[in-house]
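> Letter by letter, the chains look like this.
Number of protein chains: 6
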Amino acid sequence: MPYVNIKVTRERSGPVTPEQKAELIKGVTDLLVKTLNKNPKTTIVVIDEVDMDNWGIGGLPCEDYRALAAAQQK
Amino acid sequence: MPYVNIKVTRERSGPVTPEQKAELIKGVTDLLVKTLNKNPKTTIVVIDEVDMDNWGIGGLPCEDYRALAAAQQK
Amino acid sequence: MPYVNIKVTRERSGPVTPEQKAELIKGVTDLLVKTLNKNPKTTIVVIDEVDMDNWGIGGLPCEDYRALAAAQQK
Amino acid sequence: MPYVNIKVTRERSGPVTPEQKAELIKGVTDLLVKTLNKNPKTTIVVIDEVDMDNWGIGGLPCEDYRALAAAQQK
Amino acid sequence: MPYVNIKVTRERSGPVTPEQKAELIKGVTDLLVKTLNKNPKTTIVVIDEVDMDNWGIGGLPCEDYRALAAAQQK
Amino acid sequence: MPYVNIKVTRERSGPVTPEQKAELIKGVTDLLVKTLNKNPKTTIVVIDEVDMDNWGIGGLPCEDYRALAAAQQK
Chain W
1 MPYVNIKVTR ERSGPVTPEQ KAELIKGVTD LLVKTLNKNP KTTIVVIDEV DMDNWGIGGL
61 PCEDYRALAA AQQK
Chain U
1 MPYVNIKVTR ERSGPVTPEQ KAELIKGVTD LLVKTLNKNP KTTIVVIDEV DMDNWGIGGL
61 PCEDYRALAA AQQK
Chain D
1 MPYVNIKVTR ERSGPVTPEQ KAELIKGVTD LLVKTLNKNP KTTIVVIDEV DMDNWGIGGL
61 PCEDYRALAA AQQK
Chain V
1 MPYVNIKVTR ERSGPVTPEQ KAELIKGVTD LLVKTLNKNP KTTIVVIDEV DMDNWGIGGL
61 PCEDYRALAA AQQK
Chain Y
1 MPYVNIKVTR ERSGPVTPEQ KAELIKGVTD LLVKTLNKNP KTTIVVIDEV DMDNWGIGGL
61 PCEDYRALAA AQQK
Chain F
1 MPYVNIKVTR ERSGPVTPEQ KAELIKGVTD LLVKTLNKNP KTTIVVIDEV DMDNWGIGGL
61 PCEDYRALAA AQQK
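Protein chains in written order, with full-length UniProt numbering: chain W, 1 to 74; chain U, 1 to 74; chain D, 1 to 74; chain V, 1 to 74; chain Y, 1 to 74; chain F, 1 to 74.
Hints may be right or wrong, so weigh each one.
Where chains are identical, the list cannot tell them apart; a pair therefore holds if satisfied intra-copy or between any two copies.
Derived lysine-lysine pairs resembling DSSO-like cross-links, with alpha carbons at most 30 angstroms apart [as the list claims (entries may be wrong)]:
{"#": "1", "residue 1": "K74", "residue 2": "K41"}
{"#": "2", "residue 1": "K74", "residue 2": "K38"}
{"#": "3", "residue 1": "K26", "residue 2": "K38"}
{"#": "4", "residue 1": "K74", "residue 2": "K26"}
{"#": "5", "residue 1": "K74", "residue 2": "K34"}
No lab work stands behind these hints: they were computed from the structure.
Let the sequences and hints guide you as you build the complete structure.
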């Protein structure tokens with residue numbers, strides 16, 4: 001009966017593909033079966049893709065954060 | 001002051017209609033008033049509609065899961 | 001396959017009783033069956049009880065907010 | 001390492017602008033640094049904009065609630 | 001930068017052990033690295049253990065649901 | 001009408017104090033008033049304190065992650 005919510009950014013390079021989503025769903029469900037012997041039939045996985053502007057880290061929208069981190073590495 | 005979050009799939013047959021959403025909001029709020037005597041004026045209900053690819057059950061994207069279940073019933 | 005999360009305060013007058021929780025679970029599930037024809041067997045309801053200090057409204061911890069509102073009504 | 005989720009309505013008057021989102025991300029992160037001395041580099045902020053139909057208060061979709069409140073004030 | 005929330009029941013047979021939690025955290029993080037090439041250093045995993053009374057399925061508190069399912073299988 | 005959820009670790013050095021929680025609630029509400037002109041009276045803030053074992057980063061429970069990071073800095 002687990003409920004798993006995965007939140008990731010919707011990257012400009014392209015959204016998460018159906019195949020990748022299926023891989024995430026299978027991987028998380030298998031992990032819960034293996035680790036906690038949970039019933040896959042009542043294991044729900046919900047994937048949320050979040051627009052880049054809506055995701056912040058380091059006090060900045062994530063694209064600004066990445067640009068800053070890249071500049072600092074030069 | 002309750003906060004209720006309802007997550008449902010965005011079905012191919014059509015999204016949840018405004019009337020259905022209003023019915024869910026009223027039904028949940030009335031339930032909290034009746035059961036816990038909560039104040040409806042500060043009861044917030046948020047409905048999330050999730051794309052089919054983004055919802056997994058039984059280790060599969062839900063449409064694959066439904067197709068498998070239908071095939072097994074034949 | 002809906003997932004519903006209900007967050008309520010853990011009141012000083014006493015926590016939510018098992019009977020009230022069962023009533024909330026049944027009420028929300030019945031509502032989703034009636035409104036959206038959802039399958040109750042894969043409808044998950046999770047109730048979170050939140051300590052009073054951890055719940056804010058009107059910019060105040062909820063007990064301070066209630067005390068202020070009560071004083072203003074006198 | 002905090003995780004902050006901000007849910008707001010997607011107003012008909014216009015969505016939350018990138019500048020406003022950046023201000024929310026910065027403001028919440030600074031608050032957590034000041035109040036709890038948290039590390040901004042591992043502080044994640046996710047902003048969810050919710051369609052008006054999907055947000056309920058007072059047992060009504062929020063636009064109906066606002067219309068009712070406005071009528072009552074006349 | 002992913003954020004993953006895993007909600008599971010706090011079973012009467014015993015809570016999730018620290019070793020199992022570590023396995024879940026590692027497994028989910030590795031899955032996101034493999035599937036979406038995410039940076040583990042900014043991947044947050046939060047595990048919520050939910051009391052049995054607070055988890056509903058099939059319109060019932062989960063222990064009642066399990067008892068009913070077991071009785072039906074006899 | 002915003003809903004804000006703040007998740008932080010319950011540190012061994014001591015839980016978040018009532019004063020700190022009040023500061024977080026006020027700070028977030030003021031930020032939403034200033035940035036988006038939201039009504040504080042219907043702004044809900046919920047703070048979740050998460051046990052250290054239940055919080056993962058870098059593929060590790062956070063205390064292991066911190067120990068590893070500290071060792072690497074020596």
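> Please go over all the hints and tell whether each is borne out by the structure.
A quick look at each hint next to the structure:
In this assembly of identical chains, the alpha carbons of K74 and K41 lie at most 30 angstroms apart only when taken from different copies (19 angstroms versus 49 angstroms within one copy). For the identical chains of this complex, K74 and K38 are inter-copy neighbours only, at 22 angstroms across copies versus 47 angstroms inside a copy, given an alpha-carbon limit of 30 angstroms. Taking the shortest Cα distances, K26 and K38 sit within 30 angstroms of each other both inside one copy (13 angstroms) and across copies (18 angstroms). For the homomeric pair K74 and K26, the shortest alpha-carbon distance between copies (25 angstroms) is at most 30 angstroms, but the shortest distance inside one copy (39 angstroms) is not.
When the C-alpha separation of K74 and K34 is checked against a cutoff of 30 angstroms, the pair qualifies only between copies, where the shortest distance is 27 angstroms, while the shortest distance within a copy is 43 angstroms.
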